[in-house]
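Novice: From first to last, the protein sequence lines are chains A and B. Be aware that the first sequence starts at 9, since it is given in the numbering used here, and climbs by one per residue. Be aware that the second sequence starts at 2, since it is given in the numbering used here, and climbs by one per residue.
Careful, some of the hints might be misleading.
[Stated by the list, open to error] Distance ranges between label pairs, derived from CB positions: (1) A/Pro325 <-> B/Asp72: 27 to 37 Å; (2) B/Glu119 <-> A/Leu246: 31 to 41 Å; (3) B/Thr12 <-> A/Phe238: 30 to 40 Å.
[As the list claims (entries may be wrong)] Heads up, incomplete: computed chain B residues facing chain A, CB under 7 Å, no partners named: (4) Tyr15; (5) Leu18; (6) Ser78; (7) Val82; (8) Tyr106; (9) Asp109; (10) Val254.
It is worth saying that the hints were derived from the structure and are not from the lab. Each residue gets a CB set at the ideal place from its N, CA and C atoms; glycine is no exception.
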Amino acid sequence: MTVFKYFFKVLNSYKFFIILTTVLLVGFGCFSLKTNDTTTNFVANEPTSIIINEDGDNDITKNLCEYIKKNSTIKEINTDEDSINDAIFYRQVSYAIYIPNNYGEDFLKGSNPEIKIKATGDSNSAYMKMLLERYIKIVNIYQQEGLSESEIIQNANRDLEKNIEVEMTSKINANSLSQSTFFYNFANYSLLAGCVFIVAMVLSSFRNRYIRKRTIVSSTKYTSFNKSLFLANAIFALALWAIYVIISILLVKDVMLSLYGILYMINSFVFTICCLSIAFLIGNVISNKDGINGIVNVLALGSSFLCGAFVPVEFLPSSVLTIAHILPSYWYIQNNQFISTLETINFHTLKPYLVNLTVIVLFIIGFIVLTNIITKHKRKEN
Amino acid sequence: MEKIIEVMNLTKKYKDLKAIDHLSFDVYKGEILGLLGPNGSGKSTTINCILSLLKFNEGNITIFGKEMTPDSYETKSKIGVVFQEVAVLEELTVYENIDYFCGLYIKDKTARKNYVNEAIHLVGLEDFKKFKPKQLSGGLLRRLNIACGVAHKPSLIFLDEPTVAVDPQSRNNILDGIKTLRDQGATIVYTTHYMEEVEILCDRIIIIDKGNIIAQGTKQELKDLTGIEEKVTVEIDNLEPNKIEDIKKLDNVKEVNYNNNTLLITYKNGKSNFGNLLHYLNKENLVYNKIYSERPTLNDVFLELTGKELRD
């Protein structure tokens, strides 16, 4: 109990840093709310399109055509190239969709046939593009699962129907989701700078060579001392995570109280554990507090820049993102990005999310093993 | 006398280097045992082995009649250790530091409060309770280090060079505190390379060099062991040769030299040498400017036994 109590006393001396990182997080969260708040004026226009079907009327192709008809106004014009080009140039249609020969058959074989398009490039065509991509994404998921043609159509239509039902909400959520992603991406920095820095600093105090000697010669069992220290660290990290989650609920309530929110919470929770394991590694290996300060700054700022916590991932060069793969932050941020693009939430659609989580868990295991190896080596040396 | 610590044939090697070579000694209840030796002689290694902080290659160590192992928690509860290096938590105040380290032994919060306050009083840090270690001078920091090690009132205390780089005021305070601990019944093992401290504090002394015990005993026993003489210097003008011959005939006089109006008399071991000389000078009405006696110190003993200065 003494160790537990004094852990928090030592931690108290770093309270300024905790407040600073939390204020930064809240500040950036509010900033994202303001800059991304464009939801209220959104009015959906129905795009105009034309289908050039070279495949015929098999069920898959028919279903695609039905979907396009349902979500856009089909213009009846000649399907020769000149007429199509003219129609697009004069904005008579926003989008021309070319369904290739054998599309249905090739799709079922899994060869991913390409649907060519011509578009005006305006907002209507962008909306149509988004609708088409959504359709293709969903049918591809079911095709890859090895379902039959009728099952693919049935499942895809069911999912697309759901989306249509929640379309307006979904559009509001698109902004909220983007705000949540922004918030949780920035939490990468706050968790690394806050949790790792503070836990590592406090640990380095208790693990200082001479303090450790004094602890070992005392009548307190060293294993019980370690347990108290671990418990106190875990409670601190979880409390910090809980504070960030509460702040996110206050900022983006609609997302955080939905399934999307749970996904953000799980992702950030696993990442918090990862931060804790990094802190254990740093706190056990480095006893110099200036050294810890430097390393945590480099780690928090470096990984936040490299992995897209501050700058949107799309703006980062591919070479930077390749390097970022070696950092747990990359997988955490990828998951945040992925959540914001999720159309439907089920086991199939969550696979990439689960893969990213698994990678973070592997990082945690790696850091724990490394900490054990290094501490054993250090103990032998001492 | 009750043996508190028994060290038998303790040997510790670092690869090919023997840091301690078949060391055997006992520590008795209520005494202050001084472990004396130059830097690198094996004092701290010996203490670390006794406390099970270091594995040793050969030998046996018992404390309070029980073999000492890393899991001897009952034995450890009666031991207090003050290491050479200041080991305190920078983020805590003086009071909190003492309370934290005392808490590793005493779980009861109310009882601990008294222990902590008594430890603060022992080292004279009453005015600095709320100070953080960074705000303390080197001497005060050493006092805090001691309070952290002895707050739980152990019956066996190891003090490993607790006064290194300490100002005279703090040193006196620390030495007084150690005497108080001894008076309260604690057995103390005190390592240092400050000869004066050993002279003031220790009941028994073990001199270690290169991991071996060179000599052990009380201060007087060690001085007697070497047969070192007392030297008396007298500044006196125009001393006649017959007077010099008379002085040579005084008890225990080994050698007499007279140069540049300075008379240097070397004595064998013996009592009342200085008094006998004064009596002779007064009887002969010999007028002297200055007279002083030099007794052998432990430093002389160390020099005699090891052939080098203690602070080498």
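Novice: What are the numbers of the hints that this structure violates, sorted from low to high?
Specialist: Checked against the structure, the hints that fail are numbers 1, 4, 5, 9 and 10, while the rest are satisfied.
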